[in-house]
Amino acid sequence: MSGPADLLQSRILELLPKLRRFARSLTRNPHDADDLLQAALERALTHLEQWQADTRLDSWLYTIVKHAWIDELRSRARRERTLGDAGQAEAVPDHRGDASGTLSVDQAMACLPEEQRLAVALVLIEGLPYKEAAQIIGVPIGTLTSRLARARQALQQLLGPGDGA
Amino acid sequence: MTIPDEMLAAYVDGELEGAERARIEQAIALDSQLAQRVAQQRALRDRVRGAYDGVLQEAVPQALLQAAKLGAPSGPAQVIDLARVRALRSRSGQGQRQMKVRRYSIAASLVVGLMAGALIQRLSAPSALTEFHDGSLLARGALARALNEQLTGGAPATAAIRVGLTFRSRSGNYCRTFALSGSRALAGLACREQEQWQLMNLVGTEGAGSAANGQNLRMAASSLPPALLQAVNEHISGEPLNAAAEAKARNSGWH
Chain A
204 MSGPADLLQS RILELLPKLR RFARSLTRNP HDADDLLQAA LERALTHLEQ WQADTRLDSW
264 LYTIVKHAWI DELRSRARRE RTLGDAGQAE AVPDHRGDAS GTLSVDQAMA CLPEEQRLAV
324 ALVLIEGLPY KEAAQIIGVP IGTLTSRLAR ARQALQQLLG PGDGA
Chain B
4 MTIPDEMLAA YVDGELEGAE RARIEQAIAL DSQLAQRVAQ QRALRDRVRG AYDGVLQEAV
64 PQALLQAAKL GAPSGPAQVI DLARVRALRS RSGQGQRQMK VRRYSIAASL VVGLMAGALI
124 QRLSAPSALT EFHDGSLLAR GALARALNEQ LTGGAPATAA IRVGLTFRSR SGNYCRTFAL
184 SGSRALAGLA CREQEQWQLM NLVGTEGAGS AANGQNLRMA ASSLPPALLQ AVNEHISGEP
244 LNAAAEAKAR NSGWH
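Residue numbers (the working numbering), protein chains in the order written: chain A, 204 to 368; chain B, 4 to 258.
Heads up, a few of these hints could be off.
Here are a few chain A residues that sit away from chain B, every Cβ distance over 12 Å (derived from the structure) [to be verified]:
#: 1; residue: Glu217
#: 2; residue: Arg224
#: 3; residue: Ala243
#: 4; residue: Ala280
#: 5; residue: Glu283
#: 6; residue: Arg284
#: 7; residue: Thr305
#: 8; residue: Glu317
Cβ-to-Cβ under 8 Å is the rule here; a few derived chain A residues that face chain B [unchecked claim]:
#: 9; residue: Leu260
#: 10; residue: Asp261
#: 11; residue: Leu306
#: 12; residue: Val308
#: 13; residue: Leu315
#: 14; residue: Leu327
#: 15; residue: Thr348
#: 16; residue: Leu358
Just so you know, these hints were derived from the structure itself, not from any lab.
Values in this document were obtained by computation on a predicted structure and should not be read as measured data.
For each residue, glycine too, the CB sits at the ideal point set by N, CA and C.
Assemble the whole structure, with the sequences as input and the hints as a guide.
Quick look at the structure:
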């Protein structure tokens with residue numbers, strides 16, 4: 204295997220912990236997260252030619268994880284429709300109720316709409332610049348910032364003033 | 004001065020620079036209420052991020068390390084999906100896919116570069132069986148001859164190149180699967196494009212099960228490597244050609 208491929212491989216390996224964290228924040232379940240990442244890595248490695256060397260490798264991989272997650276959500280929705288059951292329905296707390304300020308971050312994240320959760324995962328958790336995050340999600344920066352603002356408001360309300368802050 | 008939440012958030016997220024940043028910092032210094040809003044934003048950010056930081060300290064599971072390795076022997080068969088790149092390029096007129104296509108076409112000439120390098124090296128030595136031409140991988144030499152001449156099942160079991168299924172693709176062109184035996188254990192799918200055999204897929208068959216090994220590789224559909232079988236399913240229109248139809252197609256130059 205040639206030098207560039209080795210280098211690329213070691214860069215991907217280095218990114219695995221962050222990719223796992225990203226997958227975890229999307230799926231909110233360790234097993235689902237690792238399964239998701241595994242599927243995404245397989246996709247990435249069979250389409251390695253699609254990565255452009257002048258773009259961020261992490262952003263490209265985040266994008267693939269995001270696509271894989273959206274596919275997974277769609278197939279879950281299909282399954283639910285075909286099976287007519289609640290599928291993997293989790294006990295999602297109702298944030299419109301009186302749960303304000305009593306939730307863990309994970310529970311609060313679970314209350315966010317998917318598009319807001321994705322924005323939070325990329326910007327607040329992964330620490331990406333708005334520009335990169337907007338590209339990964341595939342929306343203009345203005346859309347990203349308004350999603351972030353709504354997500355922050357919701358999280359603030361769900362989490363309450365927080366510990367000692 | 005009123006500063007909207009989004010602006011404060013951008014400040015906390017490190018998105019502001021220069022004059023904008025200075026303006027906010029000045030405002031914070033003069034306004035304790037504003038300073039409190041910033042502190043609250045920071046606390047929220049730290050709290051959310053902190054909840055997931057633990058993942059970074061966990062050992063990455065072996066399965067993921069394995070999945071991240073290029074061409075890992077125990078991983079799935081290596082597939083070079085040339086058809087995908089080609090299909091996307093040919094659709095480049097469609098606006099909806101425009102952005103994607105641009106990405107693909109820039110990368111098209113690199114298709115064989117990274118992952119596939121080793122496979123192609125095997126293909127091109129000792130005598131060139133393929134040629135990379137204008138973003139497409141074309142059959143050459145003995146491979147092109149076999150695809151042109153060989154009838155399914157017509158080659159001895161020990162032949163270096165054996166042609167398997169022949170079928171018509173959805174666009175009406177003839178396609179054929181083939182297998183290279185011996186040290187260059189590869190199986191592939193080639194389709195007729197502008198009087199040439201263009202390779203749509205290549206699958207490394209080593210480690211993909213003994214059935215795909217050397218002379219044991221019988222190109223019945225059931226013994227095609229799964230990745231190749233999938234490629235066939237994506238391209239095929241109707242049923243594979245029978246012996247008579249195949250001979251007729253060959254004799255008319257695969258038109």
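- Item | Non-interface claim for Ala243(A), where every Cβ of chain B lies beyond 12 Å | For Ala243(A), whose nearest Cβ neighbour in chain B is about 9 Å away, the distance does not exceed 12 Å, so it is violated.
- Message: Does Glu283(A) clear chain B by more than 12 Å, comparing its Cβ with all Cβ atoms of that chain?
- Response: holds, 27 Å
- Message: Hint Leu315(A) vs chain B: min CB-CB distance below 8 Å?
- Response: Violated - the Cβ of Leu315(A) stays beyond 8 Å from chain B, reaching only about 11 Å at its closest.
- Measuring Cβ to Cβ, find out whether Ala280(A) lies farther than 12 Å from everything in chain B. holds, 23 Å
- Query: Under the criterion of a CB-CB separation shorter than 8 Å, is Thr348(A) in contact with chain B as hinted?
  - Reply: With a minimum Cβ separation of about 5 Å from chain B (threshold 8 Å), the hint on Thr348(A) holds.
- Message: Please check whether Leu306(A) passes as an interface residue: C-beta within 8 Å of a C-beta belonging to chain B.
- Response: violated, 11 Å
- Item | chain B versus Arg284(A) - minimum CB to CB distance exceeding 12 Å, so not interface | Holds: least Cβ distance 25 Å, greater than 12 Å.
- Message: Given a cut of 8 Å on the nearest C-beta pair, is the interface hint for Val308(A) held or broken against chain B?
- Response: holds, 4 Å
- Hint validity - Leu358(A) Cβ closer than 8 Å to any chain B Cβ: Given a least distance of 6 Å, the restraint on Leu358(A) holds.
- In terms of Cβ atoms, is chain B entirely out of 12 Å range of Glu217(A)? Answer for Glu217(A): violated, closest chain B Cβ roughly 10 Å.
- Message: Checking hints one by one. Is Leu260(A) an interface residue toward chain B, by the C-beta closer than 8 Å rule?
- Response: Check failed: Cβ of Leu260(A) comes no nearer than 12 Å to chain B, outside 8 Å.
- Message: Would the non-interface assignment of Thr305(A) survive a Cβ cutoff of 12 Å against chain B?
- Response: For Thr305(A), whose nearest Cβ neighbour in chain B is about 14 Å away, the distance exceeds 12 Å, so it holds.
Hint check: violations occur at hints 1, 2, 3, 9, 10, 11, 13; the rest are consistent with the structure.
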